[in-house]
Amino acid sequence: QQQVKQSPQSLIVQKGGISIINCAYENTAFDYFPWYQQFPGKGPALLIAIRPDVSEKKEGRFTISFNKSAKQFSLHIMDSQPGDSATYFCAATSLKSSGDKLTFGTGTRLAVRP
Amino acid sequence: GAVVSQHPSRVICKSGTSVKIECRSLDFQATTMFWYRQFPKQSLMLMATSNEGSKATYEQGVEKDKFLINHASLTLSTLTVTSAHPEDSSFYICSARSHRVGIQGYTFGSGTRLTVV
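Residue numbers (our numbering), protein chains in the order written: chain A, 1 to 114; chain B, 1 to 117.
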């Protein structure tokens, strides 16, 4: 019930291409879905987040698509750059419940080739 | 934006000694702090959740007597690894949450690489 499944585990994209990472959740109480970017030896940094009342959110080259009925959400990185090479984690939580701890996906290692 | 400062960034200690890691919210009051452990090429594993002024809630399988968490103020939480052993070597990350900051209230520290020799 608390799991967030993330795929693919690793991804190689050419510079300028589109990177797509998918996540699926089970707990229908989740109401906040952030994506984090992590570089080696650093803590995760919030990239973009979405609430279930919208189906898409775009910030610059980063877009979250959200499908509530399928309980899936995905991150699209347009015009991928070598500087985007990092590990990406999706996460989910219920902001309404006590504790509101984040449940993380397993991570996707993205490599953008120049 | 919200900033969380975590120190030290790296620490090497001898087996049997204790190590303290600090996590400070610099420009907001953290009502809740989370401590994670991350092994190489793996996801973040939540160790415990702490609310200011109360005892930490530990996740199943995490030894509370080994990983002491103190959240004495709204801006500071500490994790002490007691009697450290080589298997405690890992990357430890804190996260602070403020219900007053709003939806982007989960802010992570930069992590601490602990090596026990």
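Since the hints were derived computationally from the structure, they do not count as laboratory data. By construction, the Cβ of each residue, glycine as well, lies at the ideal position given by its N, Cα and C atoms. Please note: incorrect hints may appear among the correct ones.
Claimed, not checked - Chain A is nowhere near these chain B residues, computed Cβ spacing over 10 Å in every case: (1) Ala-72; (2) Asp-88; (3) Arg-97.
Unchecked claim - With a straight-line cut-off of 25 Å between C-alpha atoms, the simulated DSS-like cross-links for lysine-lysine are: (4) Lys-20(B) - Lys-15(A); (5) Lys-14(B) - Lys-96(A); (6) Lys-20(B) - Lys-96(A); (7) Lys-20(B) - Lys-66(B); (8) Lys-57(A) - Lys-96(A); (9) Lys-5(A) - Lys-71(A); (10) Lys-14(B) - Lys-55(B); (11) Lys-55(B) - Lys-41(B); (12) Lys-5(A) - Lys-58(A); (13) Lys-15(A) - Lys-42(A); (14) Lys-96(A) - Lys-71(A); (15) Lys-58(A) - Lys-71(A); (16) Lys-20(B) - Lys-55(B); (17) Lys-5(A) - Lys-41(B); (18) Lys-14(B) - Lys-15(A); (19) Lys-14(B) - Lys-42(A); (20) Lys-58(A) - Lys-15(A).
What the hints assert, rightly or not - FRET-style restraints, in silico, Cβ to Cβ: (21) Pro-82(A) - Ser-9(B): 39 to 45 Å; (22) Pro-40(B) - Met-78(A): 42 to 48 Å; (23) Ala-29(A) - Gly-53(B): 23 to 29 Å.
Evaluated hints:
{"no.": "1", "hint": "Ala-72", "result": "holds, 20 Å"}
{"no.": "2", "hint": "Asp-88", "result": "holds, 18 Å"}
{"no.": "3", "hint": "Arg-97", "result": "violated, 7 Å"}
{"no.": "4", "hint": "Lys-20(B) - Lys-15(A)", "result": "violated, 42 Å"}
{"no.": "5", "hint": "Lys-14(B) - Lys-96(A)", "result": "violated, 43 Å"}
{"no.": "6", "hint": "Lys-20(B) - Lys-96(A)", "result": "violated, 32 Å"}
{"no.": "7", "hint": "Lys-20(B) - Lys-66(B)", "result": "holds, 12 Å"}
{"no.": "8", "hint": "Lys-57(A) - Lys-96(A)", "result": "holds, 21 Å"}
{"no.": "9", "hint": "Lys-5(A) - Lys-71(A)", "result": "holds, 11 Å"}
{"no.": "10", "hint": "Lys-14(B) - Lys-55(B)", "result": "violated, 28 Å"}
{"no.": "11", "hint": "Lys-55(B) - Lys-41(B)", "result": "violated, 31 Å"}
{"no.": "12", "hint": "Lys-5(A) - Lys-58(A)", "result": "holds, 22 Å"}
{"no.": "13", "hint": "Lys-15(A) - Lys-42(A)", "result": "holds, 24 Å"}
{"no.": "14", "hint": "Lys-96(A) - Lys-71(A)", "result": "holds, 18 Å"}
{"no.": "15", "hint": "Lys-58(A) - Lys-71(A)", "result": "holds, 19 Å"}
{"no.": "16", "hint": "Lys-20(B) - Lys-55(B)", "result": "holds, 17 Å"}
{"no.": "17", "hint": "Lys-5(A) - Lys-41(B)", "result": "holds, 16 Å"}
{"no.": "18", "hint": "Lys-14(B) - Lys-15(A)", "result": "violated, 45 Å"}
{"no.": "19", "hint": "Lys-14(B) - Lys-42(A)", "result": "holds, 24 Å"}
{"no.": "20", "hint": "Lys-58(A) - Lys-15(A)", "result": "holds, 20 Å"}
{"no.": "21", "hint": "Pro-82(A) - Ser-9(B): 39 to 45 Å", "result": "violated, 25 Å"}
{"no.": "22", "hint": "Pro-40(B) - Met-78(A): 42 to 48 Å", "result": "violated, 30 Å"}
{"no.": "23", "hint": "Ala-29(A) - Gly-53(B): 23 to 29 Å", "result": "holds, 27 Å"}
This entry does not satisfy hints 3, 4, 5, 6, 10, 11, 18, 21 and 22, going by the numbered hints stated previously.
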